[in-house]
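Could you build the full structure based on these sequences and the hints that come with them?
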Amino acid sequence: MEEPKSTPPMPQLPKSFSTDRLQTTSHLHPSRANPMPPLASTEKYQTLPALTLPRKKDELWSVFRSLDGDYTKFQSKSSTLKANVVRSSLLPFLRNYADHASNLSLRAEDLDRRTNILNKWWTGLLDMLHGRNNQSISGTDRPAILDGISGIMDRQEWRLSPSPLCPLDRRNVHMIPSRNNTTTSLSSTGIDFLTESVHHNVRNMFVQNLNSQMAFVVDRMSLKNASASLVTFCGKATAYAFFFCPGIAEVLVRLWDAPTEVMRRVLAESGVSRFDNLGETAARINSAFPPSMQSLGFVSLGKLLKHLRKQTPLPLGTANIQWYGYWLERWSGRESDLFFAFVKHFHILVADYLPSDATKKERVCVPGLIFVHSQILVNLDSTIHRDAGQLHGDPSNNPSPTFDDVLVDPDAVASTLPLPPTNAIRIMAENRLIMLIRDFLSERASEHPFARQLFAESFACLLQAGARGISIYSHLACYTLCDFLEEAFPIIVRYEQMHPSQQCLINTDFWIEVCKKMVLSQNTMTEIRLFAFLFTIWSTVNSSPERKNKICVELLLDQEVFEKTFTHWCPMVRAYYMRLLCWRLGRYDGEGSSGDRLIFETLLQRLQAVWSHFLWQRQQAAQGKMLPPSTTPCNPAPGRRLLIIRTDTQVAPGGSFLAFDGIMPPHPSAPIGTPSQAWKRDSVISQAASLDIRPTSSASSDFNTEVEREGGLRGFLRSIMGGKSRKAPPLKTTSSSASLPPAPETTLPAGKLTRSPTTATQAPRSRASATKPSPQTTPLASRGPSPIRHRNFCFKFSLEMHPKAHHPTAMRLQPPRLPLAAQLYLQDGDSEDTIVKAVEPVGESKAQATYSGRALAEWTCILMECQGFFERRKGEGVPTNKHVETPTLGVEVFSKSR
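Every letter in the sequence shown is one number past the one before it in UniProt numbering, and letter 896, counting from 1, is 896.
Treat the hints as calculated values from the structure; they're not laboratory data.
Note that CB positions come from ideal geometry on N, CA and C, so glycine has one too.
Do not rely on the hints blindly, as some may be mistaken.
Ranges between beta-carbon positions, derived for each pair [unchecked claim]:
1) Asn201 x Pro92: 23 to 31 Å
2) Gln605 x Glu430: 39 to 47 Å
3) Leu305 x Glu560: 25 to 33 Å
4) Pro355 x Asn792: 43 to 51 Å
5) Asn84 x Glu280: 50 to 58 Å
6) Gln623 x Glu560: 27 to 35 Å
7) Glu443 x Gly595: 45 to 53 Å
8) Lys310 x Glu560: 34 to 42 Å
Next up, the structure:
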């Protein structure tokens, strides 16, 4: 009888994944007692193609074993004490070992052990958040729990190679070249299968926990109130679910329902037209991203929208999530920071899978990126046009409540009253988009450089797309755009300065064109807001000399812009524009360049052109062909003037301890009646008395004011000190002229506006000169007053009422000049004065030249105001022109009336 054939050999699965315990293949025949001799270590290592990593023990195994023990302690604690275990064990572990070198080179066995321990903590913390087993979390403990989950979610073990979730820079690091089958091919196949099984289980645990978090996010974000830490965590959890959970990205994109026109605007800013073929580029970029979001890869807008219109089943395990609930307001970005926290972490994750040298067209092909940027643009449009809903709303939709309705149910009537949108009542510095770029592009967030660069470049393009959607005749939209840019540009320019190697983010040519259209919009409020915006961001945006030259020469000193604005019919527009030219564009602090000289020369040429038109008008008036041009300067508004006032908190000029010298008893070494003590006591009182809640700058005073009666703080201090109330002595011209630098020699008009020095700056100086000690006095008395210390103060132009001021009279004009320092700078290079002749204005300049006389008179007043302010600050101790403060110029008065 023929013996039965022996069964074929089967691979024996090892009990451990460790390469130290791998067994060779053996036949299962019962007669074979002795196994094959083990291979040598070198030969065994070479025959295992799936495991070429070092066969050493996990470096962090003791740390993870301790963490596993801490989880047992965590489970045994009550809900009120579990947060302490998280703070003492989990959070320090996540901080100390987030970027450990062993995280990227793990054996399958070690990866399995690590992820099992991390999964225990993750599921346990999620159970606390969901409130299972009657667990509750206090408001002080919730941030620690959320930080723990966030740190576990960031661990590198979840996305190791060869997982398809592995970031781009970690791929192909440990790839093994293919080799021929050996005698242990069946064993190696089994090891490969087990390794793949471990990675598959890790991926399933990761996705399952993210789905559980997504259910928690939708549930908590549907509530009325949510803490800031909870909203930030939910934004990050949503970004991870968007990337790694199958089907979640499509659901979240459909909830936005971004308009097609907005997507076209995003594509246009990226340089993608309707007929561009991006098939090959999209396939290459799309393959680098996780499989769960590759269905949102961009090839063309039509194909992408057609795919989203298809009805698809909800992802597994998410059928019970209320996707269309109340959380939609937060997810769309209208009610909280959820969407903006998602945007930040979305760009961080995109940077893991996108090549760093990707072009704009390649970035558009990133799966889901066009939808995220379209939703950002939707929120930007709603910010810029935040008043459109109030102006164009239908009043019939919100009828006014009647008296009977209030008597029946006042609470119901109050609930139906229309409320303004959130963006309309939020100041621009607290706008969520501004807070997003401030948080993401600040110096603190330096962990993800490529993600920050990607977001900065994308946001700069979205700003341009938002500006293109504004009508130049929409005053409110232009006004709000300036408010937004006033907050956004300094942040973006500061980021540019921190990374000079990257490309320029602000397209100067584009924004110059935008500003030109605002100037030519024939809307005075838009022009005033634009000039105030340029005045505010001058030092920030013009940190680049090239950008400064473009803004000055191609925008502010452009011939069409200058002729229209310098001789504008509205005095307020002229006032803002001339102060911008005088204080910003025409300011010279002693550090000139070729660009500055070009700017000054161009400004002087424009002024001389206006002067030539004025001379022609005066000649025509002398010949009786027209009325003489008016040379009377106008106030910006009837009964109001722009004055320079102090805005900072004011203290005694000599320091806080100076006041104690006049109150404490005198030093025994000096008699009470010595001149030094008398001066010290008198100067303290006079300086304290000169303080005012809002003192007006001496450079802004138009007429001599009478000395008011002593009162307020002066009278109060004199009543304490026992001094007699007296008027301030008249100021001596010799004293003030000796302490101030010589004024420039200028020909003053007949109706020149004089100014009176302020008491705070001149009174102590006059008293010091009056009580100057003689050489025979004691050494202590011969010291005299201490020198005036230089302090920086804050000033601003404020539109103030002047009911008692006389109406300005006609001025005798002279050829226009630049501010003194800039004029002297030009004269040093070219001593020849150009003789300006009368020139007849032609074209549009003829109509604009009507106000040339008034404009030149106002320019003269502004130059005197500027020079007077510089002299006063230098007299107060400011060393050079560079240290003289520049007053701020805002539009607070107009913003209240909008």
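These are the hints, each one checked on the structure:
1. Asn201 x Pro92: 23 to 31 Å: holds (28 Å)
2. Gln605 x Glu430: 39 to 47 Å: Distance hint for Gln605, Glu430 holds at roughly 44 Å.
3. Leu305 x Glu560: 25 to 33 Å: violated (43 Å)
4. Pro355 x Asn792: 43 to 51 Å: Cβ of Pro355 to Cβ of Asn792: about 48 Å, so the range 43 to 51 Å holds.
5. Asn84 x Glu280: 50 to 58 Å: holds (56 Å)
6. Gln623 x Glu560: 27 to 35 Å: holds (30 Å)
7. Glu443 x Gly595: 45 to 53 Å: violated (29 Å)
8. Lys310 x Glu560: 34 to 42 Å: Between Lys310 and Glu560, where Cβ atoms are some 54 Å apart, the hint is violated.
Consistency note: the structure conflicts with the earlier hints numbered 3, 7, 8.
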